[in-house]
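Protein chains: 2
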Amino acid sequence: MSAILLDGKACAQVVRAELKEGIQTLAGKGVQPGLAVILVGDNPASASYVASKTKACTELGMLGETLSFPEGVSQDSLLCLVAKLNADARYHGILIQLPLPSHLDSPALLEAIAPEKDVDCLHPHNVGRLLLGRPVFAPCTPAGIIELLVRNGIEVSGKHVVIVGRSNIVGKPLAVMLIQKARGGNSTVTLCHTGSGDLSRYTRMADILVAAMGKAEFIRGEMIKPGAVVVDVGMNRIPDSAKRSGYRLVGDVHFDSAKEVASAITPVPGGVGPMTVTMLVANTVKAATLFAEGQRTHL
Amino acid sequence: MSAILLDGKACAQVVRAELKEGIQTLAGKGVQPGLAVILVGDNPASASYVASKTKACTELGMLGETLSFPEGVSQDSLLCLVAKLNADARYHGILIQLPLPSHLDSPALLEAIAPEKDVDCLHPHNVGRLLLGRPVFAPCTPAGIIELLVRNGIEVSGKHVVIVGRSNIVGKPLAVMLIQKARGGNSTVTLCHTGSGDLSRYTRMADILVAAMGKAEFIRGEMIKPGAVVVDVGMNRIPDSAKRSGYRLVGDVHFDSAKEVASAITPVPGGVGPMTVTMLVANTVKAATLFAEGQRTHL
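Protein chains in written order, with this note's numbering: chain H, 1 to 299; chain Z, 300 to 598.
Incorrect hints may appear among the rest.
Here are the simulated DSBU-like cross-link-like pairs (lysine-lysine), alpha carbons at most 30 Å apart as the crow flies [stated by the list, open to error]:
#1 H:55 with H:29
#2 Z:480 with H:225
#3 H:181 with Z:354
#4 H:243 with H:215
#5 H:243 with H:29
#6 H:20 with H:55
#7 Z:514 with H:181
#8 Z:480 with H:215
#9 Z:524 with Z:480
#10 Z:542 with H:225
#11 H:9 with H:243
#12 H:181 with Z:542
So the derived label-pair ranges between C-beta atoms look like this [to be verified]:
#13 Z:515 with H:44: 40 to 48 Å
#14 Z:433 with H:293: 27 to 35 Å
#15 H:108 with Z:556: 27 to 35 Å
Pulled a few chain Z residues facing chain H out of the computed Cβ check, cut under 10 Å [unchecked claim]:
#16 346
#17 428
#18 430
#19 432
#20 456
#21 480
#22 495
#23 499
#24 535
#25 536
Hint data in this document are derived by calculation from the structure and do not stem from the laboratory.
Ideal placement from N, C-alpha and C gives every residue a C-beta, glycine not left out.
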C-alpha cells in the first residue's frame, strides 16, 4: 500500500482564496487587516517562519510587518512595544515568534498582548476559551491540521486520534480542539508524551496519528495501524552535505516506512506548515472583522 | 477480587487538617479567608452542595457565606453583585453554583468574577493557565480526584487514564491536569464521550478509569480492566421508595459489579464529593494567602 499525500500547500491555496473575499469586504469598509510579528535574535529557522507569515499577509493585500530586535533586547523594551502595538489600530494581530532567548519571560510577554489581537492564540484568556468550547481564535497549527483533514474528506468525528507530544503550541491545544462537540471535533483523543513509556502501544491504536514531539523520523511504519491517517507536525533540520544549505528538513515521521502502512500522510515540508501560516492569516482577518464590527470589547 | 475503597471523607479530613495551619498563619496576619457562594433558585441538590461548601469553610474558622436569589433574578443584578464581591476584601473567593436557570448567561457571569477570586477555576484566564501548565487555581473536582489518588499511593505518572465525559467542570480540566509534566500528572490520557461509539473499547484499556458522564450506573464490571483503579464522579439521584427522601444517590459506575474487577474504587457518596469541597476550601485559602502576600496583581 502507498498512502495518498495530504497536500498542505494546495489546501492552503484554497483557504487563502476564500480569505480574499473577507479581505475585500473589509477593504470596502476601509479596513486593511494588519499583522505585526516580533522577531528577536537571528535564528535562521525563526527568520524563515516569520518571512513566510508576513509574505502570506502581503500577498493577500494585508499589512504584514516584521519588527526585528537583537538577541539582547530587554523585557521592558518588548513590553513597551507590545503596549504600543495593542494601541495601534493598524495592527489587528500581534505575534511574538517563539522561542525567545532565555533571558526573556515569554509567558509575561504573551500575556501582555491584548486578547483581541492574540492571533497566535497563546494568551491564557484565549486558551481558556478554547478549552471551555467558546473559542474566539483557534491556535494556528492545530486549526491547520483540522482544516487539512476536513478539507481532504477525512472525518474526525468518532475517530480515535492519538497525538504524540504535549507542547502548548500543538499537542495540548489540538487535543482540546478535537474533543469538543463541534465541527472538526468530536474525536476520542489520546495524548501521549515522553512519560508514556512504550509509545507503540498507543500509536498503533490510532485511526489518525499526529506526530508532534520534535524527534526526527521517530514514528516508523511499524508503529502505525494499517490504513491510519498520519499527520506529521515535525520540522527537524538534519545535516545533509548534498544540500547547498547543508541541511534538509524532515518530520517526526519516518516517511518512507510510514507511507507503506498509512492510508494518507502529510509530507514535510508542504504538509502542516503552509496550513499553519494560512490559519494565522485567517485569525488576523477574523480579528480585523471583529474590530470592524466593533466587537473588540467582546473579549 | 474485591476492590479497596478510596475513602474521600477520610482523605478530605487529612487535607483539611493541613489547611488549618495555613488558616492559622493567615489569622496571625489578621486575614480570615472568605468565600462567597451565589445560589440561584431552589434546586435541592444545588442547595445541598452549597451548604456543604460553606459549612466546610466555617468549620475551619473561615468565612463562608451563601447569597441566595430567587429563580427569576436578572443577569444585571448578578453582574452587579459580582462586581461588588470582586471589590469586597472580606471575600477572597467567589463561586457561582451551577447550573443557573436558562435565562441567565453563565459564561458572562463566570467571566465577570475577578480571576484572583475565581476559586472554582472556571474563568477563561485560569482555565487557560491550567492548560498552559501555569495554574494559579486548580479546578476543584479534578484536583480532588488527583489528591485522592496520590494520597492513597496510586501513582498516576506513566499510567493510562481513560476519562469518560467531557464537561467543563470535570472531564476536560482533569484531562488537562493529568497530561502536564507535574506532580499528579504525566499520565497518558484518553478522553471519551458520547461521540466515542463503543465505550468499552476504551474503558477496558484504562489503568485508571474516571467515570464523569452523569449516567447512573453506566460503567459495569465487564467494561473495566481487571485490577484497574476506578474513580466515580457521578452523583445521580434515582427514585427509591425505601428512603425517606424518596431517592438514593448512585454514581456513574455500577458499584457492585465494578468492585469485583477493580483493585480500588471510590464510593458514592463519600468518594470524590468530599474531596471537591475540600479543594474549594484549599483554593480559597490560597487566594487569601496570595492576597495577604500582595500578589493579587499576579494574575
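Hint check:
no., hint, verdict
1, H:55 with H:29, "23 Å, holds"
2, Z:480 with H:225, "28 Å, holds"
3, H:181 with Z:354, "36 Å, violated"
4, H:243 with H:215, "21 Å, holds"
5, H:243 with H:29, "48 Å, violated"
6, H:20 with H:55, "15 Å, holds"
7, Z:514 with H:181, "18 Å, holds"
8, Z:480 with H:215, "18 Å, holds"
9, Z:524 with Z:480, "26 Å, holds"
10, Z:542 with H:225, "52 Å, violated"
11, H:9 with H:243, "22 Å, holds"
12, H:181 with Z:542, "38 Å, violated"
13, Z:515 with H:44: 40 to 48 Å, "59 Å, violated"
14, Z:433 with H:293: 27 to 35 Å, "32 Å, holds"
15, H:108 with Z:556: 27 to 35 Å, "51 Å, violated"
16, 346, "26 Å, violated"
17, 428, "5 Å, holds"
18, 430, "5 Å, holds"
19, 432, "7 Å, holds"
20, 456, "6 Å, holds"
21, 480, "7 Å, holds"
22, 495, "4 Å, holds"
23, 499, "13 Å, violated"
24, 535, "21 Å, violated"
25, 536, "25 Å, violated"
Hint compliance for this structure: hints 3, 5, 10, 12, 13, 15, 16, 23, 24, 25 are not met, and every other hint is.
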